[in-house]
Amino acid sequence: MSTQSADQKTGTDQKKRKPLLTIVVGLIFLILVAGGVFLYAGWLGYQEAPKLVEEGVPDIGALEMYDLAPAQETLLGDYGYPEAFTILFYEEEAVDASLQDVRLETWQYYTQGVGFTFINGELTAEDPIDMEDTPVLDPLPYTPEQFSAYMTLDQVLASAGLDTYVEIPLEKEFLEDADLYYGEALTFGMVDGELRYVEALALTTVE
Amino acid sequence: MKSKSWFLLLVFGVSLLPLTPVLAEEVPLKTFEDALALAYASHSILLGEVDEEEAARARGGLMAPARGSQADEGKAALGSLIHATKQQRNSLDDKCRGLKAAAKAEDAKCKQQVLNDYCSAQRAKLNRRIGLLHKLRGDQRKLFTRLWHSIKRSGDRIWHAVGPVGRRILRRAGQDALKIAESGGSLSLSVVKQILIRHAVDVGVEELDRLVTRGIDRFLFGQVALARAAGVQNCTEEDLKKAKERLKSEVDIEPEEEEEGENLPVFGIQNELVSGYASVEWENFIHIAAAEGYSPAQPYTRAVMMDMIFNIKGGTFSGSVSGDLHGKEFSHEEWGSFAVSGITGTIKENPQGSGYLLNGTGQLDVQVRMEQTYTDGAGKAYFYEHEDQFSSPIQIEGKIMILNVTWELDMNGRFDDGTKSFSVNTNDLELGTWQP
Numbered sequence: 019m020s021t022q023s024a025d026q027k028t029g030t031d032q033k034k035r036k037p038l039l040t041i042v043v044g045l046i047f048l049i050l051v052a053g054g055v056f057l058y059a060g061w062l063g064y065q066e067a068p069k070l071v072e073e074g075v076p077d078i079g080a081l082e083m084y085d086l087a088p089a090q091e092t093l094l095g096d097y098g099y100p101e102a103f104t105i106l107f108y109e110e111e112a113v114d115a116s117l118q119d120v121r122l123e124t125w126q127y128y129t130q131g132v133g134f135t136f137i138n139g140e141l142t143a144e145d146p147i148d149m150e151d152t153p154v155l156d157p158l159p160y161t162p163e164q165f166s167a168y169m170t171l172d173q174v175l176a177s178a179g180l181d182t183y184v185e186i187p188l189e190k191e192f193l194e195d196a197d198l199y200y201g202e203a204l205t206f207g208m209v210d211g212e213l214r215y216v217e218a219l220a221l222t223t224v225e
Numbered sequence: 032m033k034s035k036s037w038f039l040l041l042v043f044g045v046s047l048l049p050l051t052p053v054l055a056e057e058v059p060l061k062t063f064e065d066a067l068a069l070a071y072a073s074h075s076i077l078l079g080e081v082d083e084e085e086a087a088r089a090r091g092g093l094m095a096p097a098r099g100s101q102a103d104e105g106k107a108a109l110g111s112l113i114h115a116t117k118q119q120r121n122s123l124d125d126k127c128r129g130l131k132a133a134a135k136a137e138d139a140k141c142k143q144q145v146l147n148d149y150c151s152a153q154r155a156k157l158n159r160r161i162g163l164l165h166k167l168r169g170d171q172r173k174l175f176t177r178l179w180h181s182i183k184r185s186g187d188r189i190w191h192a193v194g195p196v197g198r199r200i201l202r203r204a205g206q207d208a209l210k211i212a213e214s215g216g217s218l219s220l221s222v223v224k225q226i227l228i229r230h231a232v233d234v235g236v237e238e239l240d241r242l243v244t245r246g247i248d249r250f251l252f253g254q255v256a257l258a259r260a261a262g263v264q265n266c267t268e269e270d271l272k273k274a275k276e277r278l279k280s281e282v283d284i285e286p287e288e289e290e291e292g293e294n295l296p297v298f299g300i301q302n303e304l305v306s307g308y309a310s311v312e313w314e315n316f317i318h319i320a321a322a323e324g325y326s327p328a329q330p331y332t333r334a335v336m337m338d339m340i341f342n343i344k345g346g347t348f349s350g351s352v353s354g355d356l357h358g359k360e361f362s363h364e365e366w367g368s369f370a371v372s373g374i375t376g377t378i379k380e381n382p383q384g385s386g387y388l389l390n391g392t393g394q395l396d397v398q399v400r401m402e403q404t405y406t407d408g409a410g411k412a413y414f415y416e417h418e419d420q421f422s423s424p425i426q427i428e429g430k431i432m433i434l435n436v437t438w439e440l441d442m443n444g445r446f447d448d449g450t451k452s453f454s455v456n457t458n459d460l461e462l463g464t465w466q467p
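So the sequence lines, in the order shown, correspond to chains A and B. Everything in the first sequence is counted per our numbering, starting at 19 for the first residue and increasing by one. Everything in the second sequence is counted per our numbering, starting at 32 for the first residue and increasing by one.
Bear in mind the hints are in silico, worked out from the structure with no lab data behind them. A few of these clues could be false.
[As the list claims (entries may be wrong)] Only part of the chain B face toward chain A is listed, based on derived beta-carbon distances under 7 angstroms: (1) 60; (2) 70; (3) 73; (4) 157; (5) 167; (6) 207; (7) 224; (8) 225; (9) 234; (10) 373; (11) 394.
[Stated by the list, open to error] No more than 25 angstroms apart at the CA atoms, straight line, and that leaves these computed lysine-lysine pairs for DSS-like: (12) B:156 x A:190; (13) B:379 x B:430; (14) B:135 x B:272; (15) B:126 x B:140; (16) B:272 x B:131; (17) B:272 x B:430; (18) B:273 x B:379; (19) A:190 x B:166; (20) A:190 x B:135.
We put the CB at the ideal spot given by N, CA and C, even for glycine.
Taking the hints into account, I'd like the entire structure generated from these sequences.
Rendered as structure tokens:
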């Protein structure tokens with residue numbers, strides 16, 4: 019009789035414990051899911067946040083340099099390497115409607131007061147640079163040959179020898195999958211992981 | 032309780048899914064305007080430029096300065112992007128205004144139509160971008176989106192602590208980017224350098240303007256060339272699109288003919304002009320000519336380099352021509368150099384005789400100089416000099432005669448008003464074979 023009563027009590031306890039167990043398991047599950055969501059959101063946030071990266075220059079083996087065109091070689095002979103330069107990489111439709119790569123670059127010679135524009139290596143314009151009292155400029159640690167169309171981030175970093183840089187992801191409302199990068203005397207932009215803009219910046223000493 | 036848990040699980044589960052739909056889209060064109068947008072954004076961030084409206088908020092104390100909350104910093108960054116986009120739009124407007132006025136003065140209808148379509152489309156695109164960024168800045172987002180971003184911001188703090196080794200999340204993107212650019216090293220280094228375009232802001236603005244100018248010039252010229260190649264009179268966006276499709280289909284058909292071996296293969300030439308004549312004319316003022324065996328009284332020397340590929344089967348030709356010319360006659364001396372780059376166009380059989388006709392475009396760069404010394408009646412000597420340089424797109428037309436392994440080329444470049452700018456005439460040049 020007493021045994022029967024004990025069994026009945028145990029059965030009642032089990033019945034009481036079952037919903038409790040479900041609640042506990044449910045709570046643990048919810049905590050895990052919430053934690054997962056939180057980490058996923060953190061990861062997304064991390065992806066979208068500006069970052070300072072100090073990871074050393076990537077070792078990706080031999081890099082292929084851009085071959086300067088004859089007009090550019092001639093200019094180098096006359097003026098030397100530019101004191102600053104900007105290169106844009108993009109595509110255009112040719113007369114036969116095929117897509118062609120375009121390398122539009124400007125070379126700045128501040129101390130000589132002149133800038134040159136090249137499209138696919140051909141000299142297309144020479145413009146005066148009006149600057150009063152050009153300050154003494156640091157030698158530019160980069161040359162235009164170091165950068166080619168649609169390089170990957172690692173290729174740019176290896177080519178420029180950058181081990182420290184700032185990465186700023188841009189809002190997708192501005193440009194989808196685009197990031198800007200800043201290194202020593204250098205800024206560049208990538209879209210879908212491809213180099214589309216690079217600018218080597220002239221630096222001057224602050225007095 | 033149970034149904035609520037399942038509902039919550041469903042909500043969280045759904046939130047784990049990627050928010051952007053994965054679509055099999057065409058690879059988008061890597062446009063000039065997008066590359067340019069990166070340049071403008073980079074300058075704005077480096078120079079700490081923000082949209083005026085944003086700056087006004089900051090002045091009014093609504094926005095925390097420097098190391099404020101992350102939300103404020105995000106708004107400042109958005110302000111930079113808005114500023115950059117507005118600058119790009121202003122530069123586009125200026126360039127479009129100038130080009131439209133020039134096209135109107137020339138009565139170049141095709142150019143006007145191309146410009147109208149291009150300028151209004153680009154302006155609309157930039158305005159749309161400004162609108163989206165404004166909306167983002169104004170935080171006029173839906174509740175769930177705001178909540179989601181709030182969670183993400185909390186996530187930032189976690190990643191700030193546990194992010195991969197070697198990565199640190201910054202709080203002031205623009206300022207820190209600037210420090211890195213100027214110091215090149217750790218942010219703790221004292222900055223002793225300054226970027227020149229911060230020292231001379233106008234110079235930086237002009238550099239961006241130059242990129243805009245050259246990019247649009249090239250686009251415009253390409254579209255006009257396309258219209259010419261396709262024989263299109265009306266140059267609206269729609270007509271040009273149809274012309275492109277037609278040209279593309281014509282090119283696509285060519286390989287079938289190649290298999291039949293009926294026409295000539297692709298030919299190319301890359302050599303110095305060894306027999307012929309070249310000249311550069313400029314404003315009817317300077318006329319420098321060079322020719323083999325020219326009069327001894329005018330001992331002109333010349334070097335003309337050509338680099339051409341004629342894809343006769345494909346109906347196209349491309350290449351470049353450049354030349355250095357020098358002549359002296361008594362007290363008169365002239366120097367000139369010209370380069371026609373980016374030549375592209377169509378080549379077709381000459382309906383009035385053998386050979387082929389060329390029609391295309393290129394970019395002409397001319398540099399000329401003359402010196403003249405003369406003596407007046409009283410025996411007094413005068414020295415006169417003139418120097419000029421010019422760069423302009425030109426129309427190119429020409430004729431090519433192929434005689435077995437030699438060929439002759441007669442090519443003339445003209446400005447839009449019809450005046451001749453350069454000419455190259457050759458004879459008995461050896462024809463190189465270009466392996467396609």
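### Message
Take the shortest C-beta to C-beta distance between residue 225 (chain B) and chain A; is it under 7 angstroms?
### Response
Status holds, d = 5 angstroms.
### Query
Straight-line Cα separation of residue 379 (chain B) and residue 430 (chain B) no greater than 25 angstroms?
Satisfied, since the Cα-Cα distance of roughly 10 angstroms is no more than 25 angstroms.
### Query
Holds or violated: is the Cβ of residue 60 (chain B) closer than 7 angstroms to a Cβ in chain A?
holds, 6 angstroms
### Query
Does the nearest C-beta of chain A fall within a distance shorter than 7 angstroms of the C-beta of residue 157 (chain B)?
For residue 157 (chain B), the interface hint is violated, since the closest Cβ of chain A sits about 11 angstroms away, which is over 7 angstroms.
### Task
Return the status of the interface hint for residue 207 (chain B): holds when the least beta-carbon distance to chain A is below 7 angstroms, violated otherwise.
holds, 6 angstroms
### 25 angstroms limit on alpha-carbon distance, applied to hinted pair residue 190 (chain A) and residue 166 (chain B)
holds, 13 angstroms
### Message
Hinted pair, alpha-carbon criterion (25 angstroms max): residue 126 (chain B), residue 140 (chain B). Please report holds or violated.
### Response
Within the cut-off at roughly 18 angstroms; holds.
### Message
Would the hint linking residue 273 (chain B) and residue 379 (chain B) be met if the CA-CA limit is 25 angstroms?
### Response
holds, 21 angstroms
### Task
Starting from residue 135 (chain B), check that the Cα of residue 272 (chain B) is at most 25 angstroms away, please.
Holds, at about 23 angstroms.
### Agreement of hint residue 373 (chain B) with chain A interface, Cβ distance less than 7 angstroms
holds, 6 angstroms
### Query
Can we keep the residue 394 (chain B) interface hint, with Cβ of chain A closer than 7 angstroms?
holds, 5 angstroms
#### Entry: Restraint outcome when residue 70 (chain B) is required to lie within 7 angstroms of chain A by C-beta distance
Since chain A brings a Cβ to about 5 angstroms from residue 70 (chain B), closer than 7 angstroms, the hint holds.
Hint check: violations occur at hints 4, 17, 20; the rest are consistent with the structure.
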